[in-house]
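Engineer: Below are the chains, spelled out letter by letter.
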Amino acid sequence: MSVEKLASELEVVLTKRIQSDQLVLPTMPAVALQVQAILKDPDAGMKEVATALEKDPVLSARALRMATSAAFAAGGKKATLQEALARLGTKTIKGLLVEAAAQKLFVSKNPQINEQLKVLWEHSVAVGVMARDVLALTGAPESEGAYLAGLLHDVGKPVVATMLLELERQLTEVYQRNWIDSGEWLEVIAKVHRPVGVALAERWQLPPSIVACIKESQEYDKAERNSFANAVCFSNALAKKSGVYAGHVDAEDNDAIIMIGRSVIGISDDILRTLTKGLRERVSGLYD
Amino acid sequence: MPAILTVDDSRAVRTIVGKQVRELGFDVLEAEDGIQGLQVLSESSVDLVLLDVTMPNMDGPTMLQKMREGGNKTPVIMLTSESKRTIVAGAMKQGINDYILKPFKPEELRAKVLSVLQGEPGADSIGSDAAPAPTAAETAATVAPSSGPATTPAGGRFCDVLVVDDMENVHKKLRSMLPPHVSLNAYTSAAQALAACREKVFKVVLIDTEIPDVNSTVLAQQVRVLQPHAAILALSLRTANDAAGEVKDQGFDSVLFKPFRPETIDDFMQAYFDNQDFLQVEDNVLKMAPFTGKADRVDRFFRQLHAVYREALEKVAAACYDEVVLDLGSPPGEADKLAKFVIEVAERSKEFGMTLSLVGPEPARKAMAGFTETKELRFFPSVQEARAGG
Amino acid sequence: MASVVSGVTETMLGLTFSAAQGGQPWNELVWRAAVLPIPGARPLTVGLSSDQPGCVQLAAKMFQLEPGEVADDMLSDALCELVNMTAGLLKSNLKLEQALGLPRLVPSGQPPVPSPPPASNAVVLRADKVGLVLWVFEGIV
Numbered sequence: 001m002s003v004e005k006l007a008s009e010l011e012v013v014l015t016k017r018i019q020s021d022q023l024v025l026p027t028m029p030a031v032a033l034q035v036q037a038i039l040k041d042p043d044a045g046m047k048e049v050a051t052a053l054e055k056d057p058v059l060s061a062r063a064l065r066m067a068t069s070a071a072f073a074a075g076g077k078k079a080t081l082q083e084a085l086a087r088l089g090t091k092t093i094k095g096l097l098v099e100a101a102a103q104k105l106f107v108s109k110n111p112q113i114n115e116q117l118k119v120l121w122e123h124s125v126a127v128g129v130m131a132r133d134v135l136a137l138t139g140a141p142e143s144e145g146a147y148l149a150g151l152l153h154d155v156g157k158p159v160v161a162t163m164l165l166e167l168e169r170q171l172t173e174v175y176q177r178n179w180i181d182s183g184e185w186l187e188v189i190a191k192v193h194r195p196v197g198v199a200l201a202e203r204w205q206l207p208p209s210i211v212a213c214i215k216e217s218q219e220y221d222k223a224e225r226n227s228f229a230n231a232v233c234f235s236n237a238l239a240k241k242s243g244v245y246a247g248h249v250d251a252e253d254n255d256a257i258i259m260i261g262r263s264v265i266g267i268s269d270d271i272l273r274t275l276t277k278g279l280r281e282r283v284s285g286l287y288d
Numbered sequence: 289m290p291a292i293l294t295v296d297d298s299r300a301v302r303t304i305v306g307k308q309v310r311e312l313g314f315d316v317l318e319a320e321d322g323i324q325g326l327q328v329l330s331e332s333s334v335d336l337v338l339l340d341v342t343m344p345n346m347d348g349p350t351m352l353q354k355m356r357e358g359g360n361k362t363p364v365i366m367l368t369s370e371s372k373r374t375i376v377a378g379a380m381k382q383g384i385n386d387y388i389l390k391p392f393k394p395e396e397l398r399a400k401v402l403s404v405l406q407g408e409p410g411a412d413s414i415g416s417d418a419a420p421a422p423t424a425a426e427t428a429a430t431v432a433p434s435s436g437p438a439t440t441p442a443g444g445r446f447c448d449v450l451v452v453d454d455m456e457n458v459h460k461k462l463r464s465m466l467p468p469h470v471s472l473n474a475y476t477s478a479a480q481a482l483a484a485c486r487e488k489v490f491k492v493v494l495i496d497t498e499i500p501d502v503n504s505t506v507l508a509q510q511v512r513v514l515q516p517h518a519a520i521l522a523l524s525l526r527t528a529n530d531a532a533g534e535v536k537d538q539g540f541d542s543v544l545f546k547p548f549r550p551e552t553i554d555d556f557m558q559a560y561f562d563n564q565d566f567l568q569v570e571d572n573v574l575k576m577a578p579f580t581g582k583a584d585r586v587d588r589f590f591r592q593l594h595a596v597y598r599e600a601l602e603k604v605a606a607a608c609y610d611e612v613v614l615d616l617g618s619p620p621g622e623a624d625k626l627a628k629f630v631i632e633v634a635e636r637s638k639e640f641g642m643t644l645s646l647v648g649p650e651p652a653r654k655a656m657a658g659f660t661e662t663k664e665l666r667f668f669p670s671v672q673e674a675r676a677g678g
Numbered sequence: 679m680a681s682v683v684s685g686v687t688e689t690m691l692g693l694t695f696s697a698a699q700g701g702q703p704w705n706e707l708v709w710r711a712a713v714l715p716i717p718g719a720r721p722l723t724v725g726l727s728s729d730q731p732g733c734v735q736l737a738a739k740m741f742q743l744e745p746g747e748v749a750d751d752m753l754s755d756a757l758c759e760l761v762n763m764t765a766g767l768l769k770s771n772l773k774l775e776q777a778l779g780l781p782r783l784v785p786s787g788q789p790p791v792p793s794p795p796p797a798s799n800a801v802v803l804r805a806d807k808v809g810l811v812l813w814v815f816e817g818i819v
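So the protein lines, in turn, are chains A, B and C. The numbering used here puts the first sequence at residues 1 to 288. The numbering used here puts the second sequence at residues 289 to 678. The numbering used here puts the third sequence at residues 679 to 819.
Below 20 Å or equal to it, Euclidean Cα-Cα: the simulated PhoX-like pairs (lysine-lysine) are: (1) Lys-739(C) to Lys-393(B); (2) Lys-372(B) to Lys-773(C); (3) Lys-381(B) to Lys-361(B); (4) Lys-773(C) to Lys-215(A); (5) Lys-40(A) to Lys-94(A); (6) Lys-739(C) to Lys-307(B); (7) Lys-663(B) to Lys-628(B); (8) Lys-215(A) to Lys-372(B).
Please keep in mind that the hints were generated in silico from the structure rather than gathered at the bench.
My request is simple: use the sequences and hints to build the entire structure.
Structural biologist: As structure tokens, then:
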């Protein structure tokens, strides 16, 4: 089956499932859901949040690590989880939960696919970091939120990857048919991941500004030049140009996105070079 | 004066662009559509085109295509409210150098005009920092297809120094004081100098600060656009004021004081021609650069020669010559240092199976005759005689 | 509507418009008007007008001149360019795949702005001392 045919058939199936609400999407981890619910409760305090978060040692460790990082540290005293959460604040904790939940999607038991997902995750981190920096450098408020937007712009990809893996298992076991290679695998995912990502983001009740980034990251919004979607579109192209990406890149198309983005967002070439310098080194090893 | 053509059906945009570009010191030509734009290009010398996309009669992409098909490689900045990537990608294939989305800030326009005229690499250099061996996908991503037409002055003719001074005597004096191997073009008017800047590549540009009817600061800005890699120096009378500081504030890199003195020319040479070939190779002749400096530069002069002579000899040996000629030119008066250098060259020549002959003025011959190791070397007054004698 | 106009004016003129409070009458701001048709499947007309001081302020900021240096044709050019760029952004916002028509001035001697039908969107916008009326008609006027 050709890549185009497989992608279009998969797209039909996915669209039908999304429309009929039959698409099985990964849920947030139970602890993350519980913490999110507590954060919405006006009567609850950080003590309750800490108690719930303690059940997930990885999430707790992340929160502590983030709270003691340079940006949040205040005096270097070792903080308790509750103190750490208070330092981070509600907004950052919510972001932390989403990031942790998203990263779990980028893990597969299949070693070959796991390797590809690792590169996808590094690409997502690169886009998140650059989207945040791009907006911060243009003086846009809320640039921190752009990190999560960039991080999640390809969140549909691991979901589609899992579906493809299941399809492959059925085809090879039941029909004894050969499967596509990893390059084609990435191409199929690239063609169909967006609606799945949007459905997932809506299921996770992510803000509309993040859903917009997942939905459309190929054209710029001229009316709101410093939007998350524009920062993500631009950063996505920069990450691809810097080689932090898995999959086929249409170099001419990508260069056009960068050239337009420089003017839409208002980024000088000097800043551009600073943004992308050593990008690969900065994001490698973040997949743990 | 560099000229910029703005092609836009909106008179308001042409007015805004014209004002900004004139403030940068450029001439402005206007066209309302692609047809008029092509007409202007066929009649005038234009250094940069600012091109709209959507226009009546002939749109921007069509005009661009016709320009390129006709061999016109003038740099183009697309200035448009069109942000569809397919349209911009198509224009990039035709070699646009940059893109500005309308509405635009005047400072973005000015920065991009100067950047394109100065031939800066733009976004192309992204991703060029060292990275591990790329995968196939990475290779595709890091290939920069968007290199526009070259903005280096055409012709590839290189010249060391351009001097713009309305007094011809200044040209003559400078020529007489610069070493012969330093090439110099001299002009009395700004127009001639700018025309030369479009044709050649200069290493250093000297601009008189008092040319009649010419604002030397503006001229320096224009030269910098056309000669982005040149050092631009003010030619100024020595005054009690802080002339060096003043000219730097006006955009010059430095100052060269008039009237010229040997030590200032020496400093000038050291500052801008330190990497000149101290030893030029032509067939089997190694020609030493003439020593023009003060006594305290002699050691530096010989250090440079010691550093480069081996490579020069290897070139001659590789061409299978049996004889190598060292033209001493106008060496410094320190005979011992010159002899030490010549002895080294002779020994190394022997290792390559070549015999060394010397060429130089009479004082140099006498100096070499005073040392045991060099007195036996054949010495000729000219390269022609050395070649004939060899 | 205010954000669409401001999308243009913030970048080019440094002016941020917001909707005028208290239902300010629009017919005081119609000294000169420019309209731009967007023909196609969903035909629209975008119009923009201001009073004389407003037009002078807009032109002076657009061309970076002192208000006293602004010529009459510049007032018209500025208004036409503003309506052109505003319509471009509006088209982008509404995701219309229709080409913009050319901006034109409402001929002098005619009612400067057709009375907005009840279904049309007209809004009075203000930034500093500049007042504008922006309106969008369904259909080509």
